[in-house]
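A.B. asks: Line by line, the protein sequences give chains A and B.
The numbers in the numbering used here rise by one with no breaks, and the one at position 72 of the first sequence is 72.
The numbers in the numbering used here rise by one with no breaks, and the one at position 150 of the second sequence is 150.
Keep in mind that the hints are not guaranteed to be accurate.
Each pair of labels, with its calculated beta carbon distance range [to be verified]: (1) HIS134(B) with SER51(A): 25 to 31 angstroms; (2) ALA130(B) with ALA107(A): 33 to 39 angstroms; (3) ILE33(A) with VAL22(B): 31 to 37 angstroms; (4) MET120(A) with VAL22(B): 25 to 31 angstroms; (5) GLN172(B) with VAL112(A): 25 to 31 angstroms; (6) PRO18(B) with LEU65(A): 52 to 58 angstroms; (7) HIS134(B) with VAL39(A): 52 to 58 angstroms; (8) MET32(A) with ALA61(B): 54 to 60 angstroms; (9) MET93(A) with VAL51(B): 30 to 36 angstroms; (10) MET82(A) with VAL22(B): 27 to 33 angstroms; (11) MET82(A) with PRO29(B): 19 to 25 angstroms; (12) PRO139(B) with ALA107(A): 43 to 49 angstroms; (13) LEU116(B) with MET32(A): 34 to 40 angstroms.
To give a feel for the contact side, a few chain A residues facing chain B, derived at Cβ under 7 angstroms [stated by the list, open to error]: (14) PHE28; (15) ILE40; (16) THR42; (17) TRP47; (18) THR61; (19) ILE72; (20) GLU87; (21) THR105; (22) LEU110; (23) TRP111; (24) HIS115; (25) THR118; (26) ASN119.
No lab work stands behind these hints: they were computed from the structure.
Just so you know, these numbers come straight off a predicted model, no measurement behind them.
Note that the Cβ used here is the ideal one computed from N, Cα and C, for glycine as well.
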Amino acid sequence: MSTGSHSAHGHGGHDSHGHDSGHPESTFKGYMIGFVLSVILTAIPFWLVMSGTLGNKDVTTVAILVLGAIQIVVHMIYFLHMTPSSENGWTMMALIFTVVMVVITLAGSLWVMYHMNTNMMPGMDPSQLP
Amino acid sequence: MTTTTAASAALAETKEAPVFYVADEHDHPEGSSTMLGFWLYLMSDCLVFAVLFATYGVLGANYAAGPSPKELFDLPLVALNTSMLLLSSITYGFAVLEMQKKNQNAMLFWLVVTGLFGAAFLGIELYEFAHMIHEGATPQRSAFLSSFFTLVGTHGLHVTFGIIWMITLIVQVWKFGLIEANKRRLLCLSMFWHFLDVVWIGVFTFVYLMGVLR
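Chain A extracted, bound-state conformation (with noise of 0.2 angstroms):
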């Protein structure tokens, strides 16, 4: 039984591990997509920021963080090149673990933090002081 499983995973496992298998080769095409949309997708934030065309600061704030996420995946994409196949998914599968950690990091600092902030230090804000 081990015998035939551990060949049957040898010759499978093998097959996979072929020289380059796992990384799509790179087009200027798909460098250039990238690199364009990147510079649009900077330079809108920072034109909306500088010039505050949106007017209210929480609009504004949305519409950065959703710039910021997009930017993120068109790198993922066109310079990392991540597709769900590379590495057998394994690349995929870490990536999306890593992504699950950093939300709960950032959300559950920030979440926690800030109720500890206006709950446990009342009358701390300079602005109220007399």
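The hints should help you fit chain B onto chain A, whose structure is shown.
C.D. replies: Same frame as chain A, now just chain B:
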């Protein structure tokens, strides 16, 4: 006596010793798992930055009656800095394309250009830091500045090591040519360099732009 030894010998023959590892090791081509391993390193680095971002997010509004982001940050300078890093990303892309076409000299040229853009980014960042410290906005001034210098400084340190790595690879390719090992290293540095650009998107959005908005 003899019967028991015979029995135990027979038992030992029939009962295979348990094996807890793959006995028939198929050969891995050298470096076949390097890219995945390096990706896992980048993901762990991502967690380091996530913690630093969270720290900045929590402490970023505690000015201790010191300077606020609005007074300190110079957005045109940050925009220039961002463009340097973005340009270095696309020039590294050109280097990878030349590597695939086996044009060693063109590859080295783009690698040098990338290194120069990276150095320009670092120079602008150090100028900004020096300017802030000169104005009294040192890391010791407030929690905001401590977390700011830690986060942005860690990114700058990564860029520094990326440039050192790039110089090392330029020398290696120059001496040994575009051998398989050097190609692998170039692709690893490519991932590292583009990853730093991804982190910088977070920095300019979360720290600089949102700081000025606040």
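A.B. asks: A separate judgement is required for each hint: does it hold in the structure or not?
C.D. replies: Going through the hints against the structure:
1. HIS134(B) with SER51(A): 25 to 31 angstroms: 29 angstroms, holds
2. ALA130(B) with ALA107(A): 33 to 39 angstroms: 35 angstroms, holds
3. ILE33(A) with VAL22(B): 31 to 37 angstroms: 42 angstroms, violated
4. MET120(A) with VAL22(B): 25 to 31 angstroms: 55 angstroms, violated
5. GLN172(B) with VAL112(A): 25 to 31 angstroms: 47 angstroms, violated
6. PRO18(B) with LEU65(A): 52 to 58 angstroms: Given a distance of about 55 angstroms, which is inside 52 to 58 angstroms, the answer is holds.
7. HIS134(B) with VAL39(A): 52 to 58 angstroms: Distance hint for HIS134(B), VAL39(A) is violated at roughly 32 angstroms.
8. MET32(A) with ALA61(B): 54 to 60 angstroms: Distance hint for MET32(A), ALA61(B) is violated at roughly 40 angstroms.
9. MET93(A) with VAL51(B): 30 to 36 angstroms: With Cβ atoms ~22 angstroms apart, the hint is violated.
10. MET82(A) with VAL22(B): 27 to 33 angstroms: Holds: the Cβ-Cβ distance is about 29 angstroms, inside 27 to 33 angstroms.
11. MET82(A) with PRO29(B): 19 to 25 angstroms: 23 angstroms, holds
12. PRO139(B) with ALA107(A): 43 to 49 angstroms: Because 26 angstroms falls outside the window, the suggested range is violated.
13. LEU116(B) with MET32(A): 34 to 40 angstroms: Given a distance of about 21 angstroms, which is not inside 34 to 40 angstroms, the answer is violated.
14. PHE28: 6 angstroms, holds
15. ILE40: 11 angstroms, violated
16. THR42: 6 angstroms, holds
17. TRP47: 9 angstroms, violated
18. THR61: 6 angstroms, holds
19. ILE72: 5 angstroms, holds
20. GLU87: 5 angstroms, holds
21. THR105: 5 angstroms, holds
22. LEU110: Where the cut-off is 7 angstroms and the nearest Cβ of chain B is about 5 angstroms from LEU110(A), the hint holds.
23. TRP111: 10 angstroms, violated
24. HIS115: 11 angstroms, violated
25. THR118: 12 angstroms, violated
26. ASN119: 15 angstroms, violated
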